[in-house]
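J.: Top line first, the protein sequences correspond to chains A and B. Each residue of the first sequence is one higher than the last, beginning at 34 in my numbering. Each residue of the second sequence is one higher than the last, beginning at 34 in my numbering.
Quick caveat, the hints were computed from the structure, so don't treat them as lab data. A few of these clues could be false.
Pairs count within a copy or across copies, as identical chains cannot be separated in the list.
Claimed, not checked - The list that follows gives simulated cross-link-like pairs (lysine-lysine, DSS-like), each with its CA atoms no further than 25 Å apart:
#, residue 1, residue 2
1, K161, K323
2, K324, K161
3, K617, K545
4, K549, K617
5, K253, K219
2 protein chains.
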Amino acid sequence: MYIEQINSPQDLKKLPVADLQVVSDEIRTIILEKVSKYGGHVGPDLGAVDAIVALHYVFDSPVDQIVFDVSHQAFAHKIITGRRDAFINNRVSEYTAPKESPHDFFIMGHTSPSISMCCGLARGRDLKQEKNNVIAFIGDGALSGGEAFEGLDNVYQIGTNMIIVVNDNQWAIAENHGGIYSNLRKLRESDGKCECNYFKALDLDYMYVADGNDVEALVKAFRSVKDIDHPIVVHINTQKGKGYLPAIENEEKFHYSVPFDLKTGLPLKDPDRFESYSTLTGKYLIDEMKKNPELIAITSATPMVIGFTPDLRKEAGAQFVDVGIAEEDAVAFASGLAKRGVRPVYGVYGTFLQRSFDQLSEDLCMQNNPAVILVYLTGVYGIPDQSHQCFFDIIELSDIPNMVYLAPVCKEEYFAMLEWSIAQREHPVAIRVPSHGVKSIPDYLPQTDYSDLNRFRMMKKGSQVAIIAVGTFYQLGEAVVKALKDKSGVDATLINPRYLTGVDEKMLDELKSDHKLVITLEDGITEGGYGEKIAGYYGPMDMKVVNYGFKKEFVDQYKPSELIAATGLTDVQIADDIIKYLAK
Amino acid sequence: MYIEQINSPQDLKKLPVADLQVVSDEIRTIILEKVSKYGGHVGPDLGAVDAIVALHYVFDSPVDQIVFDVSHQAFAHKIITGRRDAFINNRVSEYTAPKESPHDFFIMGHTSPSISMCCGLARGRDLKQEKNNVIAFIGDGALSGGEAFEGLDNVYQIGTNMIIVVNDNQWAIAENHGGIYSNLRKLRESDGKCECNYFKALDLDYMYVADGNDVEALVKAFRSVKDIDHPIVVHINTQKGKGYLPAIENEEKFHYSVPFDLKTGLPLKDPDRFESYSTLTGKYLIDEMKKNPELIAITSATPMVIGFTPDLRKEAGAQFVDVGIAEEDAVAFASGLAKRGVRPVYGVYGTFLQRSFDQLSEDLCMQNNPAVILVYLTGVYGIPDQSHQCFFDIIELSDIPNMVYLAPVCKEEYFAMLEWSIAQREHPVAIRVPSHGVKSIPDYLPQTDYSDLNRFRMMKKGSQVAIIAVGTFYQLGEAVVKALKDKSGVDATLINPRYLTGVDEKMLDELKSDHKLVITLEDGITEGGYGEKIAGYYGPMDMKVVNYGFKKEFVDQYKPSELIAATGLTDVQIADDIIKYLAK
Numbered sequence: 034m035y036i037e038q039i040n041s042p043q044d045l046k047k048l049p050v051a052d053l054q055v056v057s058d059e060i061r062t063i064i065l066e067k068v069s070k071y072g073g074h075v076g077p078d079l080g081a082v083d084a085i086v087a088l089h090y091v092f093d094s095p096v097d098q099i100v101f102d103v104s105h106q107a108f109a110h111k112i113i114t115g116r117r118d119a120f121i122n123n124r125v126s127e128y129t130a131p132k133e134s135p136h137d138f139f140i141m142g143h144t145s146p147s148i149s150m151c152c153g154l155a156r157g158r159d160l161k162q163e164k165n166n167v168i169a170f171i172g173d174g175a176l177s178g179g180e181a182f183e184g185l186d187n188v189y190q191i192g193t194n195m196i197i198v199v200n201d202n203q204w205a206i207a208e209n210h211g212g213i214y215s216n217l218r219k220l221r222e223s224d225g226k227c228e229c230n231y232f233k234a235l236d237l238d239y240m241y242v243a244d245g246n247d248v249e250a251l252v253k254a255f256r257s258v259k260d261i262d263h264p265i266v267v268h269i270n271t272q273k274g275k276g277y278l279p280a281i282e283n284e285e286k287f288h289y290s291v292p293f294d295l296k297t298g299l300p301l302k303d304p305d306r307f308e309s310y311s312t313l314t315g316k317y318l319i320d321e322m323k324k325n326p327e328l329i330a331i332t333s334a335t336p337m338v339i340g341f342t343p344d345l346r347k348e349a350g351a352q353f354v355d356v357g358i359a360e361e362d363a364v365a366f367a368s369g370l371a372k373r374g375v376r377p378v379y380g381v382y383g384t385f386l387q388r389s390f391d392q393l394s395e396d397l398c399m400q401n402n403p404a405v406i407l408v409y410l411t412g413v414y415g416i417p418d419q420s421h422q423c424f425f426d427i428i429e430l431s432d433i434p435n436m437v438y439l440a441p442v443c444k445e446e447y448f449a450m451l452e453w454s455i456a457q458r459e460h461p462v463a464i465r466v467p468s469h470g471v472k473s474i475p476d477y478l479p480q481t482d483y484s485d486l487n488r489f490r491m492m493k494k495g496s497q498v499a500i501i502a503v504g505t506f507y508q509l510g511e512a513v514v515k516a517l518k519d520k521s522g523v524d525a526t527l528i529n530p531r532y533l534t535g536v537d538e539k540m541l542d543e544l545k546s547d548h549k550l551v552i553t554l555e556d557g558i559t560e561g562g563y564g565e566k567i568a569g570y571y572g573p574m575d576m577k578v579v580n581y582g583f584k585k586e587f588v589d590q591y592k593p594s595e596l597i598a599a600t601g602l603t604d605v606q607i608a609d610d611i612i613k614y615l616a617k
Numbered sequence: 034m035y036i037e038q039i040n041s042p043q044d045l046k047k048l049p050v051a052d053l054q055v056v057s058d059e060i061r062t063i064i065l066e067k068v069s070k071y072g073g074h075v076g077p078d079l080g081a082v083d084a085i086v087a088l089h090y091v092f093d094s095p096v097d098q099i100v101f102d103v104s105h106q107a108f109a110h111k112i113i114t115g116r117r118d119a120f121i122n123n124r125v126s127e128y129t130a131p132k133e134s135p136h137d138f139f140i141m142g143h144t145s146p147s148i149s150m151c152c153g154l155a156r157g158r159d160l161k162q163e164k165n166n167v168i169a170f171i172g173d174g175a176l177s178g179g180e181a182f183e184g185l186d187n188v189y190q191i192g193t194n195m196i197i198v199v200n201d202n203q204w205a206i207a208e209n210h211g212g213i214y215s216n217l218r219k220l221r222e223s224d225g226k227c228e229c230n231y232f233k234a235l236d237l238d239y240m241y242v243a244d245g246n247d248v249e250a251l252v253k254a255f256r257s258v259k260d261i262d263h264p265i266v267v268h269i270n271t272q273k274g275k276g277y278l279p280a281i282e283n284e285e286k287f288h289y290s291v292p293f294d295l296k297t298g299l300p301l302k303d304p305d306r307f308e309s310y311s312t313l314t315g316k317y318l319i320d321e322m323k324k325n326p327e328l329i330a331i332t333s334a335t336p337m338v339i340g341f342t343p344d345l346r347k348e349a350g351a352q353f354v355d356v357g358i359a360e361e362d363a364v365a366f367a368s369g370l371a372k373r374g375v376r377p378v379y380g381v382y383g384t385f386l387q388r389s390f391d392q393l394s395e396d397l398c399m400q401n402n403p404a405v406i407l408v409y410l411t412g413v414y415g416i417p418d419q420s421h422q423c424f425f426d427i428i429e430l431s432d433i434p435n436m437v438y439l440a441p442v443c444k445e446e447y448f449a450m451l452e453w454s455i456a457q458r459e460h461p462v463a464i465r466v467p468s469h470g471v472k473s474i475p476d477y478l479p480q481t482d483y484s485d486l487n488r489f490r491m492m493k494k495g496s497q498v499a500i501i502a503v504g505t506f507y508q509l510g511e512a513v514v515k516a517l518k519d520k521s522g523v524d525a526t527l528i529n530p531r532y533l534t535g536v537d538e539k540m541l542d543e544l545k546s547d548h549k550l551v552i553t554l555e556d557g558i559t560e561g562g563y564g565e566k567i568a569g570y571y572g573p574m575d576m577k578v579v580n581y582g583f584k585k586e587f588v589d590q591y592k593p594s595e596l597i598a599a600t601g602l603t604d605v606q607i608a609d610d611i612i613k614y615l616a617k
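Could you put the whole structure together from the sequences, leaning on the hints where they help?
T.: What follows is the structure, given as structure tokens:
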């Protein structure tokens, strides 16, 4: 195999062009073996292999700087740049990471920043009066993100060398949405010749490569733009899932896959074995839609976040809109829908919702429009990679005026909150969907009405110490109460605060009569977090407060249980701490 | 005058088309009289009058819904919809406001959300099976914002009635930047016929109106699209400043103006009479650029925020980039520049920086690239209108890992921090530029090195109570110390924390020996703010903490002194509070 001899782009360059297609196919084999075993992104990587091989053949990385947008498509780049074995053995991140290699310039998790960042690299190069190629590699749905447009719109200001490779695989995570993709189609159908050209409309030079999986054609194209003296878009037409039939036939499922059988493409474990909040929510929403034609669900490129399979999408019809990778649009759209009197529910991963901070504040909450936002994969049980950090949603959402951010502790409470939030017309409401699996508390009778804001629920009345356990960490709170009882006999109070956007001053005041310590448990960072609201409230009083949660840091490739233990967030550790505090 | 008889769009409709141009001119006179007296947006409003008159003549507001993007261009709309006298007497907001009129659907301050919000109104209408026109009125530079693109890109999904009026006045606040504006020019030059058409590239129908200040032509165009069964862009070519020569000749200066003499266009008060952080920063940066060819300044449509007049921009050459209204691009661009080893300084108003929350976190801080961000107009002395709320920057910036957010208390400290932040290579650094005018403390010897993070500076050592006074509120802290001494003889400690991204644990621990109370004074909202970090730190200890700052709310059209008094943030009130707390 060639690939075993390739430990750097220099090794690749020794081969004749005619042999590169074999290298591409070998890389695809490696990718398939790895992702079928460990899980990971499949389709985007298989389709991008040939272009990456050609880029490294033509350009001189890392002097020439290649920046991969939504870098989960860059597996071939990792394999070529000396990380083959680490990749095979799952010892490198799925994303580009400067700490791994000088060939990586940024940690790229969220989509769409590559063009703006490359403008920075290019202008920096010019100010330093140096020479090198700067290449942005963007695709897989990222063009619909506003940041990609803002970058493209400003590329003309660079005026010197910059190459934007648009990897057009005709898909995002699910189908592409957005008028721009109709233009890409017209460009493909006209062999790049269609006069109405999105990139030219942004004052950019343009080149089309009809077969973006033909390494020789790509080498020829890249050679023709190497050292170019102005910005150019190289639009390459690639096939998502290239070389693997199951991924071609089911592009959405194979965007990212759990471990699967290489021969059949079937997952090694049945993913539907457990119920999830996504599938439960999808079923709930589709049933409600039948009763209420004014209920509408929105997603931004990840319909499966609310369990909207292709079948459910079809069933929902006009009551479902996927806006593509466009979280700003999604929030403003939801606000407009709510203003018009219908019932929008936007489902989104927490890490991506931070792209809409201004829209949440200005477009939604300042208007006080009653849209509902379901926030998935937050906290330690979210996505365990710094590129998709999940620890910041409470900070983002809980201090915006008018917002009501709810944190259910179990399935029963989640659906009660969801039902209320859709029915009410008073507030924008976000729900922090638990990320640690569906926990049922069968005898839990949740409230049906949450309009009396910021009322905590006392789950168990004790004395001396009260534990305020937020959402996902409610079960940790229960465990702490038990451990404390076992260790010291102390009968702690346990509180489910339910609301992350305010404190229950009445209950906090009542606690003062027979408690001296309040503990907050929060599945997010403590600085600027929910617990500090409690500390701030009790600041002038005698009550002691200790905030538990995570440190303000970007945590990379962690195991939840290990991070929890390392942060001292175990029942035993916290119970021991409480005993010490009470003894003071 | 016609306009005195027009108290609603119905009154306007009674006139023959031929008389509308007179109405337009009368409205322009009213606008000029009002803004010359009170100050306000000038150019964008004068240019948009004719289109707004035509819209109200053709459509039936509020059944037909007109949404003004960056609604400071909507003065004519306010005048026509029953708010003429309130407008003349400066009793209405500069922005659309649903509380003022059923003809206003959203409070629109930040640019670019109108299209997405109109998509919501349109889809909501369709789900309700109702009929009306939905019209987004967008222009004045707003198309360069990523959110506007995301919206445009998704309009095709609506499939039914929606009209997007693109008010192309060839300017943003300063010159337009962005390749898209080259396409608008080509469209103007070809009378809308140029094949390469940005809007058509997004799969949208398109119509061009060559003279967007000709009311009759506009009426004809709008009549032709009224009740259209699919989305369409109506591109109208208008003149910013129409009808007022000084505003036409100096479009940037008359985007927004302080009160001015109508005859000459000269400001009634010399705006350069006082030094400002903007002009001082501009002078500093341009001098530094001469010494350091790798220093580069960035703005996003507001070059004057860093005092970059047209002359300074010219002088800076390639060392200055205005990216237009594109705050996401600006942050990612700065990150790329810093990565390439040059020294980017991005100047931005705090209210607009919240459009870049994800970019600050993912694109800049996660990469830990040493870009510098100067944050202007924050807190109570910022922009006193809810549409441009300024109270949320500490919440946004202070909890992002790796970020260093500095709050200087005087001119001397500001420049010391600025110099250090540009020279250092360790951190992304943001500086909260004081918003209450340039205060000098001549005998203040600021540190030159801020790399030992989170070290507070004790300005005066006292006992019993320590006052931690943040940035703009440092002078309030001084006044509280004095008032307390005068009232009670208590000699308070005064601390300038300098860093908003962490606490000085050593100093906080030392305070415990001879203090029982710590007061934080913060020019931002307390919930999730800086003071709560102090409360959180002292939570488990005996120290009492009281956080002073503003409430979590959107505050509209306030006077700073009144809001400060109403919130109890005066020296006397706080000194009285402290005396009570100490007596407990």
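J.: The structure should be examined with respect to each hint, and the outcome stated for every one.
T.: Tested hints:
1. K161 to K323: between (62 Å within a copy, 14 Å between copies)
2. K324 to K161: between (64 Å within a copy, 14 Å between copies)
3. K617 to K545: both (17 Å within a copy, 16 Å between copies)
4. K549 to K617: both (11 Å within a copy, 18 Å between copies)
5. K253 to K219: within (23 Å within a copy, 32 Å between copies)
The structure meets every hint from the earlier list without exception.
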